[in-house]
Amino acid sequence: MTEAALAGLVFLPLLGACLLLLVPRQWRTALVLLVVVPLPVLLLPITAVVWQQQAVQMAVAGHALPLGIVWRVDALSLLLLWLNAFLLVFVGLQALTRFPPATPAGLRFWPLWLLLAAGIHALLLSADLFNLYVTLELVTLAGIGLIATSNRPAALQAAMRYLLLALMASLLYLLGVGLIYAEIGTLDLYEAGNLLEPGLLPATAMVLMITGLLVKAAIFPLHAWLPAAHGNAPGPVSALLSAIVVKVSIYIVWRLWFWTAEGWPMPALELFLGLLGAGAILYGSALALVQKRLKMVIAYSTVAQLGYLMLIFPLASLLAWQAAGFHLVSHGLAKAALFVAAGNILASLGTDRLRRLAGLDQRLPLDVFTLALASVSLMGLPPSGGFIGKWLFLQAAWEQGAWGWMALIALGGLLAAAYLFRILALTCFHPRSHGHSSRLREPPSRASLAGLLLALAAIGLGFASAPILTMLASAWPGVIAP
Amino acid sequence: MNLAVDSLIGLGLVALAWQAISGRSLFRGIVMFVVFGLTMALAWARMGAPDLALAEAAIGAGVTGALMLVALRRLVQLHPDQPAEPKRARSRLALPIALLAASLVAVIGLGAVSVDREPGRAGVAVMDNLAETGLSNPITGVLLVFRNLDTLLEVAVLLAAFLAALAVFRDQEQAPAPPRGDLPLVGALLAIIVPLTILVSVHLLLAGSHEPGGAFQAGAVLAAGGVLLILAGRLQPASGMPLATALPLVLGLLVFSVIGLAMMLTGAPLLALPGLWAVYLIEAAMMISIALTLVLLFAGASGLRRERP
Amino acid sequence: MSSAVLFVIVAALLFGIGVYGLIIAGHLLRKLFAINIMGNAIFILMVAASGPLDGKPDALPQALVLTGIVIAVSATAFALALMVRLYQLTGQASLHNNEGGDD
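In the order they appear, the protein sequences are chains A, L and U.
Note that numbering that gives the first Met the number 0 gives residue 54 to position 55 of the first sequence, counting from 1, and the numbers run on in steps of one.
Note that numbering that gives the first Met the number 0 gives residue 68 to position 69 of the second sequence, counting from 1, and the numbers run on in steps of one.
Note that numbering that gives the first Met the number 0 gives residue 3 to position 4 of the third sequence, counting from 1, and the numbers run on in steps of one.
Excised from the complex, chain A in its bound form (with noise of 0.2 Å):
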């Protein structure tokens, strides 16, 4: 049962992605659904398992290590899961009016979409260090293919950039498994992390991984790629790569740092990673700050929000790992819900340049209310699931006495505070109502509604962090805190 529904998430969308391009046009949208909409009942079996016991495993096409691929889900790839079916159902809402299926834009969006997706499950669902280069190339190309759809200059420019940058770092990651290999003669990371003595050669093969999976996840300084890629792809495209797909080369990271390399003494590396993340907050923060359109805006809020996640290699504590778990999950949330509602806001308006956007809270209300609301949990005001993430951050870092960090996370929060009501201030209060153009198409309440109901989501999070924090715990591979 479960078996099935792990092969499931990966071959409905991979299978769903082939048919498209073979059934007729009128039965695209109806297929379409039928693959996105059973994604979450799939992952009813699963949760069950992992609720019960921590884990749920098996070994793809039956070899046992160290010959195969095996697929293991705990509870940190289970929310993983959790939030792309959420993403996939609800951005997908908004992706369904801007690329109707059945015409020539849907055919070339949704095949791509349902790779993509394809691509992040079997990323997350595997354990095999080769195998998750493939699925990394695979959510790689699926997503900057997405980019350019758009067919604008400025997004093709910045898919080219993103292409060439990906496909190194690629390399580096390829070289690291390449010396894994030839040191242990395996390849699934958990049984590395069992045989791989810290040395020379395993300490080398982690740092090439992982660098070539920080560009990948474009951690500052690796972060140039990424504003211009996020801020120029087409609204739903924006949404799902800032929400997951940077996170994914992340979650591999802690992966390879909590399991493969556990209980390597490495504090210098830990600190340095840790004062990345820092860099990340306060530069991504800053730019976010001077930007002059709404989607930049956001883009740079994804390079300063995903400075938290590094945050976890200094503290790594049971605290600090949850809070970046729940932290990965809401800002996904917020951050999907903010390109939803700018996405319908510049295909409404034709432009998302700020200074266009004054008194847009009369014209646009519910998606402005979907800024406002996403907006609430990126700060990290209660009782948003925002909130949780940051509070458990200060916690982790108080429980420690790391006031640096602590000064830290209180000033990215009003950092982010800072260049969200800058968007409020321009949209809800500003006094002139000038920038009205004569031209606005409503957007079609379906994609407003898609944002709403995601920002929603990011603030409901909060009410429901007890069970996640609680399996969360579970997956906590127990490294002591220093």
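By construction, these hints were calculated from the structure, which means they are not laboratory data.
All clues stand as given, with none of them false.
Reference listing, derived: stretches of chain A covered by chain L, where coverage requires no fewer than 3 residues with Cβ under 8 Å from a Cβ of chain L: (1) 63-76; (2) 131-137; (3) 146-152.
Ideal Cβ placement from N, Cα and C applies to all residues, glycine included.
Based on the hints, put chains L and U in the right spot on chain A.
Just chains L and U now, with coordinates in the frame of chain A:
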């Protein structure tokens, strides 16, 4: 003696790579890149990896080179009067960074090869379990049996890359112009070469079970036949994707997935193939999909139509 | 010096050339040469690094490299399509800094 041959190959690789990067014209760069790929194939053969030699020659040099050439031709067609290449960036840091990267890789690599290692555990397991599969080429064993999820997802990567390319082509590309007035020999030549490519690719496909070869190499050779037909104007890029194109395009993924999933119904693990026939069937389907994908990428279109000479 | 050591040195040089080419190249086609050359360097290292098995190189890394080659050609094909389109729209086949983009 062997070391002398290897040194010569190594020297050639470095020189060709340098020429590709810094050679005068882009066209020359592509030629150098293709020759580099062929030399890589030699290097793989010298390193005892004939499967990789074949793949490198067919895919690394052949397919990549053809795609690069056709891309360059499109660039020239778009703006014939424009100088083809923008100025190179002048960076004082380029050389130090490159040297640093090279020495880092040298240190890592030498560190890795200098230790006498135990044979890789997974590699040993492959040899121990190969007999059960009925295959005698261990690489095909890994790709189609032991780690076939990698291969399935790799075909998905190729599909994603093709769809992504299609999203930017948008059927607006100029079709590669057919040669005006068919040369008398072209027809006869095609009549020999195209069946030959089919024959070679089927051979590569079947050979893959016991000697170097496999679906990817076979697909690349088959694609070469298709590319010839396009160059001769017998196949023309077309817009729209009829079922007759779409079905073979995704056939590999479909057959692979359906067989892999059907096994679950019988209680077997996901992707555990029922026998050697399934391996051949999947490889044949993948070969067709790979070849068609590559031909369409070359044509820069979502479909093809036949043109009578 | 064994052949393995020789090929590792060659791989290191190729990687360096690739990095150099990537930095100085103006045209995207050259950048793609560079990345593919770097890829080949990595592939050599992967096969050379793992120890031999019964006198022959280990089959597993070879299979991984074969997968890597196909992925490299897929990515290159997409990059080429992207380059042609960029050139068609902007008249340039190189990267420029205009991240904010138009609206």
